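K.L.:
Chain residues, written in single-letter form:
Protein chains: 2
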Amino acid sequence: MNHIIRNATILTMNDRNEILEHSDVVVEGGIIARIGPGAGKAADNANIIDGSGKLLMPGLINGHCHVPMTLLRNYADDMDLQTWLFEHIFPVEDRMNGDDIYWGTLLGIMEMVSTGTTCFADMYDGMDSIASAVERSGIRAQLSRGQTSNDPGPDFSQDPAMKDSVDFIKKWNGAAEGRITAAMAPHAIYTCSPAYIRAIAEMAERLGVPIHVHLDETVREHEECLKTHGKTPAAHLYDLGLFDLDTIAAHCVCITGEDMVRLKEKDVSVIHCPASNLKLASGIAPIPEALSAGLNVCIGTDGASSNNNLNMWEDMYLASILHKGSRRDPKTITAADALRMATANGAKALGMPYVGSIREGNKADMILVDLGKPHLKPLHNLYSTLVYSAQGSDVSMTMVDGRILYQDGEFKTIDREKVYYHLEKVCERLFG
Amino acid sequence: MNHIIRNATILTMNDRNEILEHSDVVVEGGIIARIGPGAGKAADNANIIDGSGKLLMPGLINGHCHVPMTLLRNYADDMDLQTWLFEHIFPVEDRMNGDDIYWGTLLGIMEMVSTGTTCFADMYDGMDSIASAVERSGIRAQLSRGQTSNDPGPDFSQDPAMKDSVDFIKKWNGAAEGRITAAMAPHAIYTCSPAYIRAIAEMAERLGVPIHVHLDETVREHEECLKTHGKTPAAHLYDLGLFDLDTIAAHCVCITGEDMVRLKEKDVSVIHCPASNLKLASGIAPIPEALSAGLNVCIGTDGASSNNNLNMWEDMYLASILHKGSRRDPKTITAADALRMATANGAKALGMPYVGSIREGNKADMILVDLGKPHLKPLHNLYSTLVYSAQGSDVSMTMVDGRILYQDGEFKTIDREKVYYHLEKVCERLFG
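Taken in sequence, the protein lines are chains A and B. Heads up: the first sequence begins at 1 in my numbering, then just goes up one per residue. Heads up: the second sequence begins at 1 in my numbering, then just goes up one per residue.
One or more hints might be untrue.
For lysine-lysine, the following DSS-like pairs were computed, each having C-alpha atoms within a straight-line distance of at most 27 Å [said to hold, decoys possible]: (1) B:Lys373 x A:Lys425; (2) A:Lys418 x B:Lys373; (3) B:Lys373 x A:Lys373; (4) B:Lys373 x A:Lys412; (5) A:Lys373 x B:Lys425; (6) A:Lys348 x A:Lys170; (7) A:Lys373 x B:Lys418; (8) A:Lys373 x B:Lys412.
To be clear, the hints were calculated from the coordinates, so they are not data collected in a lab. Note that the coordinates shown come from a computational prediction; the quantities given were computed from them, not determined experimentally.
Generate the whole structure from the sequences, applying the supplied hints.
P.N.:
Encoded structure:
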């Protein structure tokens, strides 16, 4: 279906940072066909959406998630990472089947689309179920099967995780009208041997897919890597050749200035996950320095068991105010910087130049924000209003590929009650 | 009107931290008359509210605000404090009249009641207008006329701010059926001379009102106080006798261990304002130490021009995750701690033992939270769900003194369109 959004304020997030007042956006065949005042007048047979008093902007791009962990939201908190992971998270994950993952993913996607996220990058297991839920829901995603090795043996092609990952890529890369892309995911340096990481890099190169990896999330990871490999985690992956592929690196809490030079040389994107890093007590990533080093920084929520949300508005807000306060510099990471991280930078990181900004020819991944709420008034500055005052619940419409997934509290592609019904069954089985 | 809320989950925040399932709350004459399963059956002539799938809890108490600054929300951001204050905030404040303050206050109260705040402590000028808006809206507030001195002369009783403050207290303390209480507010040690602070303390003692003060908000304040007075800001106020009165001290970013002993000795409550402290780049207050020292810590938003919200859910979330991350301690400030700060501790700070918990005999200041949203599922732990996942927009009903102020998106005591109309006029005048 074609759409005309009439008379909205448009935050383009294009290279010129244009804001257009009283403008229309015409969507034809899933593509942004025309933008501008009166652009919608000529079009026929279109669904007309009144954009008065609303802001139209690119959908948010969540650069790092483990969406089925939504099942574990608020299951274990306020404890140290080892206790959390080994005593609470892993035992439940060991019991999860494909069905659990499917319904958990749909629940997470409901949260994402209702708060304006149109695309997410995910790393998990049971990717067939995740991809099915993505296909069904209409959201866009870059999916990767997280791989870990202890002693995978000499022939990596026979490694179950490697086979699983390759099968997933062959089946799903480019599926769902191109909404699903695949990546490979060596989980982290502390869960993958150097030879295994090299084997994943070779396979990814052969298959032509990018890399999604956890990088330098904790002091412990950083120090153990220095001890074991005599170099930082980023230097270790650089030397293994992983960064020769298009790579997104989540967390980067402990990266050094020299690491930033390495990441910049290889165009590695940094996925900043401020809520997760705070809540899990990992620390505060050196994002102002990463930006100064010219790195492409975007924003991720991480899973809902360490955030405990998949709400990009919270992480945008944190990405802007956290560094101001922790280093006592009020000018660092402006509201516009944070918005760019959550939109255009995310698109760049995931190799999707066709989303992340409102531009003619782009895919119609976009949202409407209701500017009529008391907490968004008065509207002195649009960037500040969005980053410092707006909430996920201010999103009134979410569109992906020209299809409305959420509007005015209603999910258009997901049966909310059905998800809740299955969620109850799943939780009884997993936690009952 | 009497009310019966039926079949809700009740987070009491009482001393035993009780959570009651499938329980009723009966409100009679503005008071919580009965609580428990089936408690509502006998009551007649009451408004019945279905609490199924909802959480009933005490309303949130915002310990530090400058509510008319809502007019300056998102007006000036991403700049240093001096530029922000002297070049942007003060010039507009100089132009504000009582009308501006009245409508700005109502706008701020709309945000507060729609996000579950039932009481706030405010420090500003033009208090008659603020009090009128509080009276009209039905919210509860402790209001204080912020006083500053440069050279007030020898007779403090003739100081205009002092006279204004005394007049305000005489007129409004205990007004609006007791919903308005008054305090005195020496603005800060860097804006008030020692003699002026002493004069305010004497006047407050004479009038029997408590104190609201900014304390040790920035490194600059701290260091200049050391240079000028040879002691910390807290020691300075302690020695001046200010803390001999019931006192709430906002910010406390730079207080020392010795300061905490002083504050504890005098039962001074600390108002933690994490969002404002981050956004204005003031730093991170030593809240875990303050709690260890036995201090009563509560939460404030500060004004909407330095937050940029009056949304206590954001500050609760920050109060819990910020300290975990900044000091890499995942166990510090649990979800339950943060909820207590925002409710029972706030009531204690403001000398209002009759609110802050759901207890028979307390005033009916309470809210309902809709637990049916995707981002609140699954519900593994109620405290975690509220602090780590819930949003201000999940509040479906806000009641103060037994009167419903907000329900399902509707303001019951404030004409939203009228406020917006006047807001536009006010903004044209102030900023046009």
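K.L.:
Would you list, in rising numerical order, the hints stated earlier that this structure does not obey?
P.N.:
No numbers; nothing is violated.
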